[in-house]
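*Asks:* Let the hints inform the model, and build the full structure from the sequences given.
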Amino acid sequence: MDGPMKRFTLLALLAIVCGGTYADVLTLKAGHPDSYVVKKGDTLWDISAMFLKDPWRWPKLWGANPQIANPHLIYPGDRLTLVFIDGEPRLVTKPFKKSGPTGQVKPKGDAVPAIDLAVIQPYLVQNRVVDEAWLAEQPKVLGGENPSYHHVDGDVVYVQGNVAEGTKLAFYAEGRKFEDDATGESLGQEIILSATGRVIESGDVSRVLLFRSFQETKAGYRVMSIEDDSLIPAYFMPMAGEAEGATLLAANGNIREMGKLDVAYIDRGANAGVKPGQVFTVYKPGATVVFDNDGIPVAPADQSAYDKLKAAMGEDIQLPKLYRGQMMVFKVFDKTALGIILVDQRPMRVGDQLFKPNAILKGE
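Residue 171 in the working numbering sits at position 176 of the sequence shown, and the numbers go up by one each step.
You may find that some hints are simply not true.
DEER-style ranges, computed between Cβ atoms [said to hold, decoys possible]:
id, residue 1, residue 2, range
1, Ala214, Leu317, 23 to 33 Å
2, Glu127, Leu317, 19 to 29 Å
3, Ala25, Pro117, 31 to 41 Å
Mimicking EDC-like on lysine to aspartate or glutamate, the simulated pairs with C-alpha atoms at most 16 Å apart in a straight line are [unchecked claim]:
id, residue 1, residue 2
4, Lys172, Asp126
5, Lys351, Glu239
6, Lys351, Glu237
Think of the hints as simulated: they come from the structure by calculation, not from any bench. Built from N, CA and C at the ideal position, the CB exists for glycine as well.
*Replies:* What follows is the structure in structure tokens.
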């Protein structure tokens, strides 16, 4: 049975079994394999993308199989086979066991992660968004024993305040200040990790040895203790995210367009219920057009002052939003969050809108 016919049959079966619960439909990708042998370097997301149009829904694809109830049980060498249980597609596995010369079972190595954590490793502690008033209360770097203005690994720097000897510290440079475009509300101050160090002598001014640098550290940089909650979990359970009115706030770097595996901020965080692992579908807002005196639709870029006045008076027509792709949140702050783009049908830009993902993606 070819791909389109197989997909049609699957949808028909699910419509009967689920009694119209369209939101639970799993749509197989045309041309999907019937089985797959897990390889080193695979991720759950990438494996699911071979079978599903919505790879973030892999927990449902594997949910009926007790062997894969815990995705940490998936290892390189395991064979995944697509089957149908009660009319719904499921992946089942035959565990791979490698025997040594003595017949003993050898460890299979690392389990397959949800996504490639190496991609987001640089953002585990380097990027944070904090309250501006709180940041202003944190001690500063006063200078260093090295006469240079720039301090790196092995240098000793001076820090305000009496900090206990042996304390591990992080040094941050100020980044961008984020604001809500609609209300002007402060969303926090971005800070970028420059180095980590350890206090080697306490006093009114403490001496700190820098033992790892990500960039040069300068006088005036803020200092704070290294916190465990600045890390992220090693495993994510994808789930549908829903944060009303959320948009892409900023790209991680100085880039205009974002694509697959790029990292971006969104303008909602823990205060709005955003959690690590939540997946959002990203759309470009639909343009508004107005009709000129000849009845010809005029796009925003070509609108005259009169056209814009008519649009402001409600004489415009909103065009449909344009599907861009999907992103998953991996690190959450109070009012913002960091996410990684995992599907990029079209490049994303600041201002694009985030929505709860549909069962079947628009435009496919």
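*Asks:* Would you mind marking each hint as holding or not holding in the structure?
*Replies:* Hint-by-hint comparison with the structure:
no.: 1; hint: Ala214 to Leu317: 23 to 33 Å; verdict: violated (47 Å)
no.: 2; hint: Glu127 to Leu317: 19 to 29 Å; verdict: violated (35 Å)
no.: 3; hint: Ala25 to Pro117: 31 to 41 Å; verdict: holds (36 Å)
no.: 4; hint: Lys172 to Asp126; verdict: holds (10 Å)
no.: 5; hint: Lys351 to Glu239; verdict: holds (9 Å)
no.: 6; hint: Lys351 to Glu237; verdict: holds (5 Å)
Violation of the numbered hints given earlier is confined to hints 1, 2; the remaining hints are satisfied by the structure.
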